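So the protein lines, in turn, are chains H and W. Going by the numbering used here, the residue at position 100 of the first sequence is 100; the numbering climbs one at a time, nothing skipped. Going by the numbering used here, the residue at position 20 of the second sequence is 134; the numbering climbs one at a time, nothing skipped.
In short, the hints are calculated from the structure, not lab data. Be a bit skeptical, because a hint or two may be false.
What the hints assert, rightly or not - Here are the simulated DSS-like cross-link-like pairs (lysine-lysine), alpha carbons at most 30 Å apart as the crow flies:
#	chain 1	residue 1	chain 2	residue 2
1	W	Lys-191	H	Lys-38
2	H	Lys-87	H	Lys-38
3	W	Lys-191	H	Lys-87
4	H	Lys-75	H	Lys-87
Please read these numbers as outputs of a predicted model, since none were measured by experiment.
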Amino acid sequence: MNLEKKIERLTLILRLDGELDMSTANMLRQTIDGEIDKRGIRTVILNLQNVQFVDSSGLGVILGRYKKLLPLGGKLKITNVPPHIYKIMELSGLPKIINFYLDEAHAYEEGRGA
Amino acid sequence: MKSNQINLTFSSIPENVGIARLLIASVGAQLDLPLNDIEELKVAVSEAVSNAIIHGYRNIPNNLVYFDLEVTGDTLKIAVRDLGCGISNVEQAMQPAFSTDPERMGLGFVFMQSFMDDLQVESVLEEGTTVTMMKYFKQTPNPTH
């Protein structure tokens, strides 16, 4: 799994590339938590365009980051989800909790009053 | 009736979950299964193997996971076996959102159940767990030319 990181003010944009399972979950968790804890990041945007696979280990990390941001007044947003990945997420109920956006621009603008 | 059998034994390390997925995807492609079915098989296998490593062997790497595939006629049978700690209450473990770890969603068995046609879990404490999953597929007719 490759991660492309972009930080704008207190927003972290992460572009994920690869397979999100138990072998890559820890790395993703540490990357996001590090930015939240050290830089005070409060909005995390995950761009899943190049994610080829996700299972419950991967979904657990995403849900865990949502839970971590919630009491901090932060937000987790998901963009560019490929259809076969969305199907797995839908079955897990994740879209009922986390907001999904068409692309990074939509996710970035929402909630900024723009 | 065409049959095929593949047995793979691998160390209980996270990197091998992807290897198990590659194998099931190749077998699915050989059986001419639709892409969507192959995606679902990959998730089911990923969950079963991850469970063996995370729960069966409690993330201790120097153990072995046994991954057995069997194709008979239009049935694909997948068995994932560990010789780990076992599950004390299988029925409870299979409930949605049951997880022993707050970072996890407790959806492993839900995915296996949703994506496979049959799921059996046999477990003995301190002896191990075997997850057996069946997929029934329609065989594509042989090309006439």
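Comparing the hints with the structure gives:
no., hint, in the structure
1, Lys-191/W <-> Lys-38/H, "violated, 48 Å"
2, Lys-87/H <-> Lys-38/H, "violated, 34 Å"
3, Lys-191/W <-> Lys-87/H, "holds, 24 Å"
4, Lys-75/H <-> Lys-87/H, "holds, 22 Å"
Violated hints, listed in ascending order, are 1, 2; each of the other numbered hints is respected by the structure.
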